[in-house]
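A.B. asks: Be aware that the sequence shown starts at -17, since it is given in the working numbering, and climbs by one per residue.
One thing to keep in mind: the hints can contain errors.
Simulated DEER-style distance windows between Cβ atoms [claimed, not checked]:
| no. | residue 1 | residue 2 | range |
| --- | --- | --- | --- |
| 1 | Q211 | A15 | 54 to 60 Å |
| 2 | P104 | G158 | 21 to 27 Å |
| 3 | H215 | T16 | 46 to 52 Å |
Think of the hints as simulated: they come from the structure by calculation, not from any bench. These numbers come from a predicted model, not from an experiment. Every residue, glycine too, gets a C-beta built ideally from N, C-alpha and C.
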Amino acid sequence: MTGRVLSVLDAFAGERRRLTLSDISRRTGMPLATTHRLVGELLSWGALERNRNGRYEIGLHLWAVAAMAPRRLELRDVAMSFLQGLHRRTGRQQVRLTVLDGLETVLVERIGTPDTDGAGEPVGGRRPAHATGDGLVLLAYAGATTQERYLAHHAPATGLRRMLAEVEEAGLAVIGRWHGPAGTVSVAAPVRDATGEVVAAVSVVAGAAAAGRRVLAPVVMATGRAISQALCHRRNGA
């Protein structure tokens, strides 16, 4: 039963976040009657909600519970003031804090302006790791085993292996955005914990007029180091 409930929730992990009952049944591979019963239970608990068009979406109760995840809480609490500072220093461009979960990135926090915000996924949103600058940073430092698993599952653009090596050597990813409006760039740097392990990536998504490696790279890298130091101090002071 638990596995079936989790599969219903997992059905919302794709690009479409508002699903009909038939959509959920098809994505989970469960009969419509079984799907209807499980969806009803999730509605009662608040894990799902039904909008005015009759489609289902993740409920606020589930978001509230998920927001209590220790990794997200500690990262967000420590990083928030630095993210706000980076947002101001880059002319209020979109700023992101991302972690790697399996072979996907998960957006932990995002601060953005209307000009850049529209293209971004919501907090908690997932993307393939190679699709953004922050994802490339996380994948570059994830280790050979994770990288090989990723290449085997996704087989993305030729040259990814070389790109990851370059990102790891530089400590920075600067790429044109693979998703979103044309004329934007993602600049990302690693965030490390007290052991030196890369646990997150901080990035700026900027419009072409504001973007540039010489302008954005130093402040993004400095922010990554500052968050890393704050995480280290938090752990040492615990």
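A.B. asks: Between H215 and T16, is the Cβ distance one that fits in 46 to 52 Å?
C.D. replies: For H215 and T16 the Cβ distance comes to about 50 Å; the hint holds.
A.B. asks: Just to be sure I understand the hint, the distance between the Cβ atoms of Q211 and A15 should be within 54 to 60 Å; is that true here?
C.D. replies: holds, 55 Å
A.B. asks: State, for the Cβ atoms of P104 and G158, whether the hinted interval 21 to 27 Å holds or is violated.
C.D. replies: holds, 23 Å
Hint compliance for this structure: no hint is broken.
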